[in-house]
Amino acid sequence: MRDGFSEMMMEKPSRQRSLRPGMGEEGLGTNSDIGVRLRALYGSVQDESIPDRLLDLLEQLDTIELQQAKNAARSE
Amino acid sequence: MPQEANDRLENQPSFKREMLATLPSLRAFAVSLTGKHDKADDLVQDTIMKAWAKQSSFELGTNIKAWLFTILRNEFYSQMRKRGREVQDSDGVFTERLAVHPSQYGSMDLKDFKKALDALPDDQREAVILIGASGFSYEEAAEICKCAVGTMKSRVSRARTRLQDLLQVSGEADYGPDALSAQVTSQTQTV
Numbered sequence: 328m329r330d331g332f333s334e335m336m337m338e339k340p341s342r343q344r345s346l347r348p349g350m351g352e353e354g355l356g357t358n359s360d361i362g363v364r365l366r367a368l369y370g371s372v373q374d375e376s377i378p379d380r381l382l383d384l385l386e387q388l389d390t391i392e393l394q395q396a397k398n399a400a401r402s403e
Numbered sequence: 051m052p053q054e055a056n057d058r059l060e061n062q063p064s065f066k067r068e069m070l071a072t073l074p075s076l077r078a079f080a081v082s083l084t085g086k087h088d089k090a091d092d093l094v095q096d097t098i099m100k101a102w103a104k105q106s107s108f109e110l111g112t113n114i115k116a117w118l119f120t121i122l123r124n125e126f127y128s129q130m131r132k133r134g135r136e137v138q139d140s141d142g143v144f145t146e147r148l149a150v151h152p153s154q155y156g157s158m159d160l161k162d163f164k165k166a167l168d169a170l171p172d173d174q175r176e177a178v179i180l181i182g183a184s185g186f187s188y189e190e191a192a193e194i195c196k197c198a199v200g201t202m203k204s205r206v207s208r209a210r211t212r213l214q215d216l217l218q219v220s221g222e223a224d225y226g227p228d229a230l231s232a233q234v235t236s237q238t239q240t241v
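Residue numbers (the numbering used here), protein chains in the order written: chain Z, 328 to 403; chain R, 51 to 241.
Hints are supplied without guarantee of correctness; some may be wrong.
To be verified - Pairs of lysine-lysine residues, derived as DSS-like cross-links and limited to a Cα-Cα distance of at most 30 Å, are as follows:
1. R:K132 x Z:K397
2. R:K104 x R:K161
3. R:K89 x R:K100
4. R:K132 x R:K196
5. R:K203 x R:K89
6. Z:K397 x R:K104
7. Z:K397 x R:K196
8. R:K203 x R:K164
9. R:K164 x R:K132
What the hints assert, rightly or not - If you want the footprint, here are the derived chain Z segments under chain R, 3+ residues with CB under 8 Å:
10. 364 to 375
11. 378 to 390
Quick caveat, the hints were computed from the structure, so don't treat them as lab data. Note that the structure is a prediction, hence the values are computed from the model and not measured. Each residue gets a CB set at the ideal place from its N, CA and C atoms; glycine is no exception.
Given these sequences and hints, build the entire structure.
Written out as structure tokens, the structure is:
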């Protein structure tokens, strides 16, 4: 599960971002000093690994749901 | 149960998977709101629970990121209202991380930038982060913050002007290695 997770976490070049015409004009685009630092700051947190307790929680919620779905399917 | 039914369940587009992919950005936004990593993680945890409980109201394949950011932001402000002003013990946005890794970005001094960001009014900081870092459009950000698109634009614009004033930089990429470090050394770092 972790492997799939880290794969997903790989920063993909965001198509959305490059399609955003307003950002450059507003001074937050790729050539803007403020934009660059804003993203560096945000990115420094974004690049951290997700704490286990959050991953475990998601895993638990998913397991419970899957089990409930299977039970429901069985009783059909 | 029949293997077929089992496969069908396992191969469903996964709500969990979509949430996982959004967590890093969601968490960064939470840190920007709370100013602390432990509080941010609590907030993300509450958001996961909330989102899971109301996942039937979410359509897989649509914008889960904006949906989760909205839930997290609502949760943050509702907790703040409940706790009154007690939340103001924050060390400021992104503090802990930067205290640990001060020089990760070399000459581009983020500590200085962080201080400037902290000096912004909450709504402007939030706006500039959603647009400039989280990667939302003005329309999406306006929906997340429940304000008009024009309001969002003006918040971002004011935030940018304010940040430029505070940092004494132009909007263009003219940052030399020492353009900002001079300012930093002249300030007493209390962080």
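Now for the hints, and whether the structure bears them out:
| no. | hint | in the structure |
| --- | --- | --- |
| 1 | R:K132 x Z:K397 | 39 Å, violated |
| 2 | R:K104 x R:K161 | 38 Å, violated |
| 3 | R:K89 x R:K100 | 16 Å, holds |
| 4 | R:K132 x R:K196 | 20 Å, holds |
| 5 | R:K203 x R:K89 | 29 Å, holds |
| 6 | Z:K397 x R:K104 | 20 Å, holds |
| 7 | Z:K397 x R:K196 | 39 Å, violated |
| 8 | R:K203 x R:K164 | 21 Å, holds |
| 9 | R:K164 x R:K132 | 27 Å, holds |
| 10 | 364 to 375 | holds (count 12) |
| 11 | 378 to 390 | holds (count 9) |
Comparing the model with each earlier hint shows violations of hints 1, 2, 7; every other hint is respected.
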